[in-house]
Amino acid sequence: MMTTSLNSRKTRLSHWLHHHGESLASSLSRLRQAPMSSISVLLLIAIAFVVPIAIHIAFHAVNSVTAQWDQDKQITLFLHADIDLPQAHALAASLQQQLAISKARAIDKQQVLSSFTQDTQYALLGESGSDNNPLPHIIELAPSEQADLEQLAGLFATHPDVDQTQFDWLWFQRLEAISQLILTIQWVMSVMLMLTVALIIVNVVRWEIASRMAEIEIIKLVGASDSYVQRPFLYYGGLLGMIGALLAIGLTSLSCWLINQSLSPLMTLFNSEFRLIGLDLSQAMILLFIGIIIGLSSAAIASRVKIVAIT
Amino acid sequence: MIRLQNIAKRYPSSGEVLAQINLNIPRGELSFLTGPSGSGKSTLLKIIALITPPTRGQLYFDDQNITRISRQHISQYRSKMGLVFQDHRLLNDRNVFDNIALPLRINGFAHREIPGRVRAALDKVGLLHKEKSAPISLSGGEQQRVGIARAIVHKPILLLADEPTGNLDPELSSDIMSLFLQFSQVGVATLIASHDVDLIQRYNKRIITLTDGYLSELPRQSDVGVN
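In order, the protein sequences belong to chains A and B.
Oh and the first sequence: position 100 is 100 in this note's numbering, straight run, nothing missing.
Oh and the second sequence: position 209 is 1209 in this note's numbering, straight run, nothing missing.
Simulated from the structure, these hints should not be mistaken for lab results.
One thing to keep in mind: the hints can contain errors.
BS3-like cross-link-like pairs, simulated, lysine-lysine; straight-line CA separation at most 27 Å [as the list claims (entries may be wrong)]:
id, chain 1, residue 1, chain 2, residue 2
1, B, K1155, B, K1130
2, B, K1155, B, K1205
3, B, K1130, A, K306
4, B, K1124, B, K1205
5, B, K1155, A, K306
6, B, K1046, B, K1130
One side only, chain A facing chain B, incomplete, derived with CB under 10 Å [said to hold, decoys possible]:
id, residue
7, R12
8, H20
9, L24
10, R32
11, D161
12, R206
13, E208
14, I219
15, G223
Ideal Cβ positions, reconstructed from N, Cα and C, are used throughout, including at glycine.
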């Protein structure tokens, strides 16, 4: 008794697996049967995937550049004229202790002057002699990663030794705002285009079901359950999503390669290492997974409604 | 085995087709269902096969009320029956063998059992040499026999046939009928809808007539001793 029930369970399992294999094979052969329409649908899906990926890559390219500039972000403190060099050094050392500041360096006003006078425009300034140096000592600061810039600004505005503070990150903040905007656009586009992929697959599966209505009716009349009838269509949808995603990965890599080819001579001129970085393995896997899930769920929605309507 | 109790069917467009149907189909018996065209023979078969729900009344299978069972149970119930249609309803995208194998695959028969069973069914309908043919390449009579092979391949306990000889000439029709007689002899309950009264009267079997939504049953020739 035990063995028969075990055997029948084994038979049922192997039958179930067999039907999954059959469903996959029939979905593949259906894609092959109409190659032109399959290719156009798959390309449509792939392109819908490529657009948000392209924005993602562009966003990361911009981010990698601004990350480099991040290190250049600095604050210059112009000290009061009555602060002498040792005092400036002491102030720099005490500022260095603060968490919000990663580096503080005092610069001698003579040094500032000489760097100024190297510039021909200010050469005249150097001739007036070191005694008449009108410049104050300055401190150059690099805020640390987690620094609250607003708070730092407030601190220096009220500092007794500091005459003026110069921030050079306004443009940087603008850039950050722009990259935030790109990020938002990326999300909106991703959602819209995922929806597009889902709608494409829903329609293709509906069309496929409509063209095989007679067959579905007969299969149901000889005792097939809803899930049996649905299974090949689920595979079909899943395959569309998966192949579409694979094509998108291929298209992305190809485009990145092409763009980098023509970008590298340009970037050499700018003395920059900048280049586009395509999807890495885990991102490609995620995209593949998303493709399969969208394909499966769209096919499930499309086939559920249509197949349940058939008795 | 199958019992219909006060079954009625009303279509929104054509009104009441079945008024009050009470019918018993015992295990292993062959019955003919006749009546003028449009009298509701197909509707009655569809109700028994749970293709169409009745408007009123109850349907029993082995004393279990199956009038309103779930979709999953409907497919289980259907897998116990064989259906034969006037227009054969074969799948033209696959050959004769695969058409007949369909109920076996759906019902989860072991893969290695399938060829033997399909060939046994083909042998019964005399088409063993046609297993690789496409259905469209066969004659009407041959297609109908493929349809019958598909209906019996999984050894159903109930066979429903809707005008199985409707498109066939008299000689082929009697061939087909004798096939059904053979199956009923091995214990398959069979209900054949046919308007061909001359043909069905030859077989000395139960004949149920459907007129104006009601059933009537003629006494059998054997029962009145005319045989």
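Restraint satisfaction for I219(A) [CB to CB of chain B, less than 10 Å]: holds (7 Å)
Hinted pair K1124(B) and K1205(B), Cα distance within 27 Å: Distance of about 22 Å is within 27 Å: holds.
Hinted pair K1046(B) and K1130(B), Cα distance within 27 Å: violated (30 Å)
Minimum beta-carbon distance criterion (10 Å), D161(A) to chain B: This interface hint is violated because 83 Å lies over the 10 Å limit.
Hint check: 10 Å Cβ-Cβ cutoff, R206(A) to chain B: violated (19 Å)
Given pair status - K1205(B), K1155(B), alpha carbons within 27 Å: Distance of about 22 Å is within 27 Å: holds.
Hinted contact H20(A) with chain B - closest CB pair below 10 Å: violated (13 Å)
Interface hint compliance - E208(A) to chain B, C-beta minimum distance less than 10 Å: violated (13 Å)
G223(A) as chain B interface residue, shortest Cβ-Cβ below 10 Å: holds (3 Å)
Distance restraint between K1155(B) and K306(A), which requires alpha-carbon spacing of 27 Å or less: Violated. K1155(B) to K306(A) sits at ~30 Å, over the 27 Å cutoff.
K1130(B) paired with K306(A) [C-alpha distance capped at 27 Å]: violated (35 Å)
When the least beta-carbon distance from R12(A) to chain B is tested against 10 Å, hint result: R12(A) check passes; min Cβ-Cβ to chain B is 6 Å, inside 10 Å.
When each numbered hint is compared with the structure, violations occur for hints 3, 5, 6, 8, 9, 10, 11, 12, 13.
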